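Visitor: Sequence:
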Amino acid sequence: MATPKRKTSHARKCNRRANYLNALRAPSIASCPKCGEAVQSYCACNACGYYRGRKVIKVAADKEKKEK
Numbered sequence: 000m001a002t003p004k005r006k007t008s009h010a011r012k013c014n015r016r017a018n019y020l021n022a023l024r025a026p027s028i029a030s031c032p033k034c035g036e037a038v039q040s041y042c043a044c045n046a047c048g049y050y051r052g053r054k055v056i057k058v059a060a061d062k063e064k065k066e067k
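The letter at position 11 of the sequence shown is residue 10 when you use numbering that gives the first Met the number 0, and the numbering goes up by one with no holes.
Incorrect hints may appear among the rest.
[To be verified] Calculated pairs, BS3-like style, for lysine-lysine (alpha carbon to alpha carbon, straight line, at most 30 angstroms):
#, residue 1, residue 2
1, 12, 33
2, 54, 33
3, 65, 54
4, 57, 33
5, 54, 64
6, 4, 33
7, 33, 6
No lab work stands behind these hints, which were simulated from the structure alone. Computed from a predicted model, the values in this text were never measured in an experiment.
Construct all of the structure, not just a fragment, from the sequences and the given hints.
Guide: What follows is the structure, given as structure tokens:
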């Protein structure tokens with residue numbers, strides 16, 4: 000089995016760990032410009048179905064409006 004020739008410094012070890020610790024943070028949340036609901040960044044709004052100004056998904060609110 001191979002063995003390391005030198006000790007891994009604290010700075011090198013912490014820099015390596017910093018890459019995956021950033022991924023463990025909570026996702027950023029913004030408000031939907033169409034309806035004002037809280038939405039995760041880069042995701043379509045579950046309340047109105049819009050993403051970047053376009054309708055991309057059908058939601059239950061649309062079905063209720065059509066029935067009335």
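Visitor: For every hint, state whether the structure bears it out.
Guide: Results of checking the hints against the structure:
At roughly 45 angstroms between alpha-carbon atoms, residue 12 and residue 33 are farther apart than 30 angstroms, so this suggested pair is violated. Simply put, residue 54 and residue 33 have alpha-carbon atoms about 10 angstroms apart, close enough for the 30 angstroms limit, and the pair holds. Between residue 65 and residue 54, the direct Cα distance comes to roughly 16 angstroms. Compliance with the 30 angstroms bound is thereby established for this hinted pair. A C-alpha spacing of about 15 angstroms is found between residue 57 and residue 33, which places the hinted pair at or below 30 angstroms, so the restraint holds.
Taking the CA atoms of residue 54 and residue 64, the gap is about 15 angstroms. The hint holds against a cut of 30 angstroms. This hinted pair does not check out: residue 4 and residue 33 have alpha carbons roughly 59 angstroms apart, beyond 30 angstroms. Restraint check for residue 33 and residue 6: the C-alpha separation of about 55 angstroms exceeds 30 angstroms, so the hint is violated.
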